[in-house]
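Between the sequences and the hints, there should be enough to build the whole structure, so can you do that?
Those sequence lines, one after another, are chains A and B.
Using the working numbering, read the first sequence as starting at 40 and increasing by one per residue.
Using the working numbering, read the second sequence as starting at 4 and increasing by one per residue.
If you're looking for bench data, these hints aren't it; they were derived computationally from the structure.
Certain hints may be false.
Computed, partial: chain A to chain B, Cβ under 10 Å [said to hold, decoys possible]: (1) 160; (2) 252; (3) 257.
Small disclaimer: the values here were computed from a predicted structure and weren't measured.
Idealized CB from N, CA, C, for every residue including glycine.
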Amino acid sequence: MVSKRKIKNEVKKAFRLPNNAVVMSMMAVILVCAAPALVSVIDDTVNEQYDMPLSPEFIDPRINSINMSLQGEPVEGTDLGIDIIREDNVITVLSSTPGYKGTLSTFVMDKAIVKDVSKIVITSSSEHSLLLIESGGHNISGTYDSDLGQYTFSLSSIEKHYIMQTASDDLAINVIDTPLSGNTFEAVETFTIEVYGSVMIPYAEIIIGATGALLLICALLATPWFSTSGITVKRRR
Amino acid sequence: MIEAIATIDYYTLVGAGMATVFFGLLAASYLRKKPLSAWHWMTIGAVSGFAASIIQSYTQLFDWVVLGLTGVSTAASLFVFGMAGMIGVMAYNLIVTRGKTAVR
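If you want it as structure tokens, here you go:
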């Protein structure tokens, strides 16, 4: 039979104040895990709650057709008579030969806009296998609402960094209908682009940068030569 | 298979390795005064790798390390410096104290 006193002592032991080494390692774990987690939570909140419509300047759209096929036979994009028109934020892709499959890559706006963007919503007139936002080979996938025909792309702080570092100056919409899917491009395809965002402080930079500085201080305090008690040099153990 | 090998993102791999080593050393700091064999280290490595991948899926930690390593973001670079500093100090302490403690 274990005595009450023994249990009390064990509980006391378990909840005694941690030593410096434990505090330091706990702090390091919290810093490394919590900072990116906090940024991602703020990103989600910003994308959900602080969206206001923006009016970005659209560029004259350019279109690239990749891996096109018509009734299972590979064709060149030029053979499909594809043309593109932009009216405000509505992109219309016309074709004299509907029923084709492949990838249509349409450059629509300057990528510099992503700094202020939290969300891009693209409403498509028909369903496609995949719709991505791309810049210089970096793709961002979104969520699809089949009832509204809307693809929603929430841009996190990381995605914005990735987009800004690519060599391309423009942001493109990649619409893909894979050969094995039942989806094909119709004679008239419209894509309505809505951009949401706001001007805000670079919270991700501040949080991650401050965490880096704190980690450096932690590293310094974890050495045998520095301690929290000022400039006193620790005794070597 | 060849395509899969060609598309490996080495920066992400380094990010994953750095996070794994970081969590592994922190785990080792709690196992002080116990002689650790290669098998112990392999187990610690596997557990911390698993922990790092779970943390990645929730917080995108590897991506911040990639942004820091590539120099895209100054803040992320500072974060990577901090992490590397902690890894360096913990590894040094473990070596000098013969595995007794990672934080002094």
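For each hint, the structure was consulted:
1. 160: Hint violated; residue 160 of chain A Cβ to chain B Cβ min 23 Å, cut 10 Å.
2. 252: Since chain B brings a Cβ to about 6 Å from residue 252 of chain A, closer than 10 Å, the hint holds.
3. 257: 6 Å, holds
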